[in-house]
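**Student:** What follows is the residue order along each chain.
Protein chains: 2
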Amino acid sequence: MTKSTEFAKLFVDILAADLDGQSDEGIPLGISNRHIHLSELDIVQLFGQGYQLTPLKELSQPGQYACKETVLIAGAKGAIEKVRVLGPARVETQVEILAGDCFKLGVKAPVRQSGEIDQTPGLTIIGSKGTIILKRGTIIAQRHIHMTRSDAKHYGLADQQEVSLRLVGGRGGVLENVVVRVSDSFRLECHLDTEEANAMGLSSKSRVYIN
Amino acid sequence: MTKSTEFAKLFVDILAADLDGQSDEGIPLGISNRHIHLSELDIVQLFGQGYQLTPLKELSQPGQYACKETVLIAGAKGAIEKVRVLGPARVETQVEILAGDCFKLGVKAPVRQSGEIDQTPGLTIIGSKGTIILKRGTIIAQRHIHMTRSDAKHYGLADQQEVSLRLVGGRGGVLENVVVRVSDSFRLECHLDTEEANAMGLSSKSRVYIN
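Residue numbers (full-length UniProt numbering), protein chains in the order written: chain W, 1 to 211; chain L, 1 to 211.
Please note that the accuracy of each hint is not assured.
Pairs of lysine-lysine residues, derived as PhoX-like cross-links and limited to a Cα-Cα distance of at most 20 angstroms, are as follows [as the list claims (entries may be wrong)]:
# : chain 1 : residue 1 : chain 2 : residue 2
1 : L       : 68        : W       : 82
2 : W       : 108       : L       : 108
3 : W       : 82        : W       : 129
4 : W       : 68        : W       : 82
5 : W       : 77        : W       : 108
6 : L       : 57        : L       : 68
7 : L       : 82        : W       : 104
8 : L       : 108       : W       : 205
Computed, partial: chain W to chain L, Cβ under 8 angstroms [unchecked claim]:
#  : residue
9  : 48
10 : 50
11 : 99
12 : 100
13 : 170
14 : 173
15 : 174
16 : 176
With the C-beta cut set under 10 angstroms, the calculated list includes, among others, these residues of chain W facing chain L [said to hold, decoys possible]:
#  : residue
17 : 98
18 : 106
19 : 121
20 : 122
21 : 140
22 : 143
23 : 164
24 : 165
25 : 167
26 : 169
27 : 171
28 : 175
29 : 177
30 : 196
Don't read these hints as lab results, they were simulated from the structure.
Glycine included, every Cβ here is placed at the ideal spot set by N, Cα and C.
Just chain W, with the same shape it has in the complex (with noise of 0.2 angstroms):
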């Protein structure tokens, strides 16, 4: 066999062992759009004093939800209106778009894990009583698994290593970069963004698979 031929083979041979193993699970998708997570300062400067966010939706994360509120947010070039806000409330207030945004919104966000804000940009945001200036906190999420200490167990996998996951489909393909989070208050679940979902084709109803 020619080394390619030879390859072509033991790649056939460990997917089809690969898909084996996982062809029972896999692992659901969460697909975001743009949303933010607003602090306690910023949830009464944009909504007034004593206000409480009112939850509309749990999220599949334990604890997180999808409020009734929204805001508006706005760079040199454009604004984007209803931005859904995620609670509870944390400490950072941090804006999570798509990376067709930055060009809508004139501002370049870097691809970042949750929480790591150093460095990005700010944003006008605006809400029914304020307007907030951000100094920081725009970023694009990175894609990422949450997943709790068993589930990484299971899978061999440690807090932020980065695996690739594979996709089925007519626009199938590999993702790389995933960063595996690892917390018992998680639940399994593979989070991409809107822009990823449909450049891969994939529904709220897929299951993806780590390569």
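Given chain W, work out where chain L should sit, using these hints.
**Tutor:** Just chain L, lined up with the frame of chain W:
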């Protein structure tokens, strides 16, 4: 060596060989936003009798150009303004939208090659002088590579063959189901849509590599 180790070694060897062979070139990338190609008849319906499209900017494929004209496209759920018309006129009108637009418009467009519009949904198209109710022609463009016969020979590929692309970077990965289209009227270029490019962290300056 275990099978997995052997696989990993071969993978690295072959990848290195591939990169060596392609490192000085790669394939230029063209990123398409939603757009529309119009038939002669539909140009008249939308812009008036005897109307000629106004070329604004040459595109990289020979003879193709973006026009000054834009249209509004609408479905049952919503409308999108300022959709760019591309020239010259085609035999049949075709709207190429993003997967994300399907939700906004309320239309289920399939992923198709340009021209393959049998059993695709229609849309309402509004121009400065009229409206057409398109019966069919709404697609999400299948990712593809335009190449000449000489390029095809160089890569060892045939018209209509599907290949996968290796994309390097902080949002790296592999895109499968990339169809090769061969004609001496083409110029070597890979076409992805904005969602695909954004998902993989690519810009119009990026180069892509056949896997």
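**Student:** Evaluate each hint against the coordinates.
**Tutor:** Cross-check of the supplied hints:
1. L:68 to W:82: 31 angstroms, violated
2. W:108 to L:108: 32 angstroms, violated
3. W:82 to W:129: 15 angstroms, holds
4. W:68 to W:82: 10 angstroms, holds
5. W:77 to W:108: Given pair residue 77 (chain W), residue 108 (chain W) holds - Cα atoms ~12 angstroms apart, limit 20 angstroms.
6. L:57 to L:68: Holds, because 9 angstroms separates the two Cα atoms, which is no more than 20 angstroms.
7. L:82 to W:104: Holds: residue 82 (chain L) and residue 104 (chain W) sit about 14 angstroms apart, inside 20 angstroms.
8. L:108 to W:205: 17 angstroms, holds
9. 48: At about 32 angstroms, which exceeds the 8 angstroms cut-off, the nearest Cβ of chain L leaves the hint on residue 48 (chain W) violated.
10. 50: Status violated, d = 36 angstroms.
11. 99: With a minimum Cβ separation of about 4 angstroms from chain L (threshold 8 angstroms), the hint on residue 99 (chain W) holds.
12. 100: At 5 angstroms from the nearest chain L Cβ, residue 100 (chain W) passes the 8 angstroms test, so the hint holds.
13. 170: Since the shortest Cβ distance to chain L is 5 angstroms, the answer is holds.
14. 173: Residue 173 (chain W) check passes; min Cβ-Cβ to chain L is 5 angstroms, inside 8 angstroms.
15. 174: Constraint on residue 174 (chain W) satisfied, holds at 4 angstroms.
16. 176: At 4 angstroms from the nearest chain L Cβ, residue 176 (chain W) passes the 8 angstroms test, so the hint holds.
17. 98: 7 angstroms, holds
18. 106: Check failed: Cβ of residue 106 (chain W) comes no nearer than 16 angstroms to chain L, outside 10 angstroms.
19. 121: 17 angstroms, violated
20. 122: 21 angstroms, violated
21. 140: 9 angstroms, holds
22. 143: 8 angstroms, holds
23. 164: 7 angstroms, holds
24. 165: 8 angstroms, holds
25. 167: 9 angstroms, holds
26. 169: 8 angstroms, holds
27. 171: 6 angstroms, holds
28. 175: 5 angstroms, holds
29. 177: 6 angstroms, holds
30. 196: Residue 196 (chain W) check passes; min Cβ-Cβ to chain L is 4 angstroms, inside 10 angstroms.
Of the numbered hints given earlier, the model fails hints 1, 2, 9, 10, 18, 19 and 20; all others are met.
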